[in-house]
Amino acid sequence: MIERGSIRGCLAGKILRVDLSNKKIWTVDTKKYIEKTLGGRGINSLIMLDEIDIGTKWYDPENLLCFGAGSLVGTIAPGACRVDVSSINVFSGGKGSANVGGFWGPELKYAGYDNIIIVGKSEKPVYLCIRDDKVEIRDASFLWGKDTYETENVLREDIKDEHIKIACIGPTGENRVKGSAIIMDTAKAAGGSGVGCVMGDKRLKAIVVRGHGKIEVAQPEKFMQIIDRCYQQCKDEPKSKTMRKAPMNLYSNPEWEGWDTNIVIKNGQDDQWEREKRISLMNPATGIPSMQKGTRACYSCPIGCMPYMEINKGKHKGNKGEGFWINTIMGHACRFDISDPEAVANSWLLTNRLGLDGDYVAAGLSWIFELYEKGIINKENTDGLELTWGNGDALNKLIKKLAYREGIGDLLADGMVEAAKKIGYHSEYYLTQVKGQPSIEPFRVPKGWALAVSTSPVAGRHLRGATMGSNRYGPKPRPGNFGVTDYQNQAKGVVWQGKTKELEDNLGICNYVGTWSGANFLSIADFAELINAGMGLDITEEELVNHYAVIGRNLEKAFNTLHTDMSRKDDLPPKRFREEEVKSGPYKGFKIEENKYNKMLDEFYELWEWDKETGMQTRTGLEKLGLKDVAEKIAKQGKLIDK
Amino acid sequence: MKIIRNNNLCYACKTCQLACSFHHTKTFWPERSSIIVSRNPQEGTIKWRMNNSCDQCTNEKEPLCVKYCIYGALQVGEEVKEDD
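For the record, the sequence lines run as chains L and U.
Just so it is clear: in the first sequence, position 237 is 239 by the numbering used here, and no numbers are missing.
Just so it is clear: in the second sequence, position 12 is 1473 by the numbering used here, and no numbers are missing.
Quick caveat, the hints were computed from the structure, so don't treat them as lab data.
Please note that the accuracy of each hint is not assured.
Here are the simulated lysine-lysine pairs, DSS-like style, with alpha carbons at most 25 Å apart [said to hold, decoys possible]:
no. : chain 1 : residue 1 : chain 2 : residue 2
1   : U       : 1463      : L       : 224
2   : L       : 33        : U       : 1487
3   : L       : 614       : L       : 641
4   : L       : 237       : U       : 1528
5   : U       : 1522      : L       : 224
6   : L       : 224       : U       : 1528
7   : L       : 16        : U       : 1487
8   : U       : 1487      : L       : 216
9   : L       : 243       : U       : 1528
10  : L       : 630       : L       : 34
11  : L       : 638       : L       : 571
12  : U       : 1522      : L       : 237
13  : L       : 571       : L       : 601
14  : L       : 590       : L       : 614
15  : L       : 322       : U       : 1508
16  : L       : 216       : U       : 1508
17  : U       : 1508      : L       : 162
18  : L       : 237       : U       : 1463
19  : L       : 241       : U       : 1528
Using the sequences and the accompanying hints, generate a full structural model.
Here you go:
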């Protein structure tokens, strides 16, 4: 165990525990859970591993829904606003985790809590109202059925405090649609893993938070000196201008390289979108950028990546909100071949209002569009909707059907893998999913991306290690020396990026402000200094990367090992991307070559110190991290590799 | 010396509140901030309020809210512009 000093700052100090079945509320000391980890997701992972019995399903009352604000959240550290939401993954049955920014996390800390752990299930709809020490489980029947915007407005009116922060589900979560998100501050989504579906299953409509307290740091003057340097780095970094309003700045240039490397068209039929469609969607004068009315930042964020938009023409004119993101372009436009800016913008707004995960919508519903094209389903199955490529109106209607489980929406709401079994006719081949979760990600061109998405412990998402390619994204040295399309050395970059994400989710730092883009915002050395001056610890950069980050990843992997049959066989890209080539553009002919991918995967396991043959954890690897108890648990299930 | 606010440049990150509370308390305590920013994500509006506890950051080279406003929405100038 690392000698690291005792915690004297940054934490709120308590974890709020709520039992919805028995209507009980209590608190426990945060420090008890923070020896092996540094906060946020780390605490959620530890508690889930400790308390959820093997065999528990996502819909069992014993499943936990965990919220964790990172340890630096509530301070002025750049981008320190993030919350991890963890639960059993409704798609994979293993670890589920979604990460969200905004203002709810800091407010939770000011109310006196680092994490909230919810167990049980209410019989009737309820919401949790947290005002400092006063925590109540309240009736939510008056909120049931309302979308996320309406829920916010009614709660603000009811509680009569403009400063409350709200995390809520929309009708989709209530209807237990698998791809439901938890929406915070009306626009920020904890989207993946079906966490909104779990919240709805527990009949928990919202968590309202208001805090009047403070967050102290161990060495205030020193902490601010580090902050000064970090802010200066953010100011001086030329990339901050591009990354501000990123969806608009990057994609309004039809020649931007991301259009070639990171896009999937028509549910995976191609990875190249026609130039005229890029322009139609993102034309600064008439496309999505023309709808931008302003830009917003999350709490204490020096980047400000989020457009505020209002649809300015067409039948959706007047619909507005924050939160339009790159994934909307990758997902709602490209995967459906929709270049109509109003239809795409509205589908994104609808997704937020109904409480859906945008990636689930994009990957799941574009699959249905392709089944329609192939004749596997027809108009009789779609309640008359013509699901033809480019039909934005049909997409908007289908999203509503999904949310309210109407007609074909009911079939899709229980998950696309389950729907494929019912539909038959080889339909599962066209579903781009990893470990059961529909995935919008590109695989055939960016190889590090493919490796990271395929091995993500939370199933088919890119943030647990996807690399943006080589060092061209910034002067910081990154392990490996590779281009986007290379297989060689890619694993080093993926593991390094995965480790930094572990730290960011423990500390609650947005990975956009952290290491994601490779820009010179915050580095791991900055993380170490902020933790030491903030929490009063004495941790080196090397210990962060090679101990705490490795523990974080291993806790989630252990949960997957214990609760599912996941192994090497589940760390592969979807079959389609191993069989079908890119049809056009500069990367025409590219696909995942299995022998090269497998070599990359070998190296990836070796770097994490997992068994190469099975992809499973080893006794030595876990014990070295001080996780002997975890090793024993896995050994009892006969799943530990004894070397 | 006065603190001038420009709503058009504001991203509503509320970093100014944190900086201000640090000036007053050496902790991060938004309730003790002299400047309060609230934002309506549905309507896109941002509201400002400065209460009379603002001392223009006596003993600092410049007001901390100005220093940490990376978007340039807060500046030091000649007059207070109330632009709620």
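To see whether the hints hold, each was checked on the structure:
1. Under the criterion of a C-alpha separation no larger than 25 Å, the hint pairing residue 1463 of chain U with residue 224 of chain L is inconsistent with the structure, at around 28 Å.
2. Distance hint between residue 33 of chain L and residue 1487 of chain U is fulfilled; the C-alpha atoms sit about 23 Å from each other, no more than 25 Å.
3. Straight-line distance between C-alpha atoms of residue 614 of chain L and residue 641 of chain L comes to about 14 Å, which keeps the hinted pair within the 25 Å bound.
4. Of the pairs offered as hints, the one joining residue 237 of chain L and residue 1528 of chain U holds, with about 12 Å between alpha carbons and a cut-off of 25 Å not exceeded.
5. A C-alpha spacing of about 17 Å is found between residue 1522 of chain U and residue 224 of chain L, which places the hinted pair at or below 25 Å, so the restraint holds.
6. Under the criterion of a C-alpha separation no larger than 25 Å, the hint pairing residue 224 of chain L with residue 1528 of chain U is consistent with the structure, at around 17 Å.
7. A threshold of 25 Å between alpha carbons decides the hint, and for residue 16 of chain L with residue 1487 of chain U the separation of about 22 Å falls inside it, so the pair holds.
8. Taken as a hint, the residue 1487 of chain U and residue 216 of chain L pair is honoured in the structure, with Cα atoms around 10 Å apart against an allowance of 25 Å.
9. Our distance criterion of 25 Å between C-alpha atoms is met by residue 243 of chain L and residue 1528 of chain U, whose separation comes to about 19 Å.
10. Distance restraint check for residue 630 of chain L and residue 34 of chain L: the Cα-Cα separation of roughly 18 Å lies within the 25 Å cut-off, and the hinted pair is therefore satisfied.
11. Distance restraint check for residue 638 of chain L and residue 571 of chain L: the Cα-Cα separation of roughly 22 Å lies within the 25 Å cut-off, and the hinted pair is therefore satisfied.
12. Distance check on the hinted pair: residue 1522 of chain U and residue 237 of chain L sit about 19 Å apart at the alpha-carbon level, within 25 Å; holds.
13. Distance hint between residue 571 of chain L and residue 601 of chain L is fulfilled; the C-alpha atoms sit about 14 Å from each other, no more than 25 Å.
14. A hinted pair counts as satisfied when its Cα atoms are at most 25 Å apart, and residue 590 of chain L with residue 614 of chain L does not qualify at roughly 32 Å.
15. Annotation: proposed proximity of residue 322 of chain L to residue 1508 of chain U holds, straight-line Cα distance about 18 Å (limit 25 Å).
16. At roughly 23 Å between alpha-carbon atoms, residue 216 of chain L and residue 1508 of chain U fall within 25 Å of each other, so this suggested pair holds.
17. Among the hinted pairs, residue 1508 of chain U with residue 162 of chain L is consistent with the structure: their alpha-carbon atoms are about 17 Å apart, no more than 25 Å.
18. For the suggested pair residue 237 of chain L and residue 1463 of chain U, the alpha carbons sit about 24 Å apart, so the restraint of at most 25 Å is met.
19. Pair hint residue 241 of chain L plus residue 1528 of chain U holds up; C-alpha atoms about 21 Å apart against a cutoff of 25 Å.
In summary, the structure is inconsistent with hints 1 and 14 from the numbered list given earlier, while agreeing with the others.
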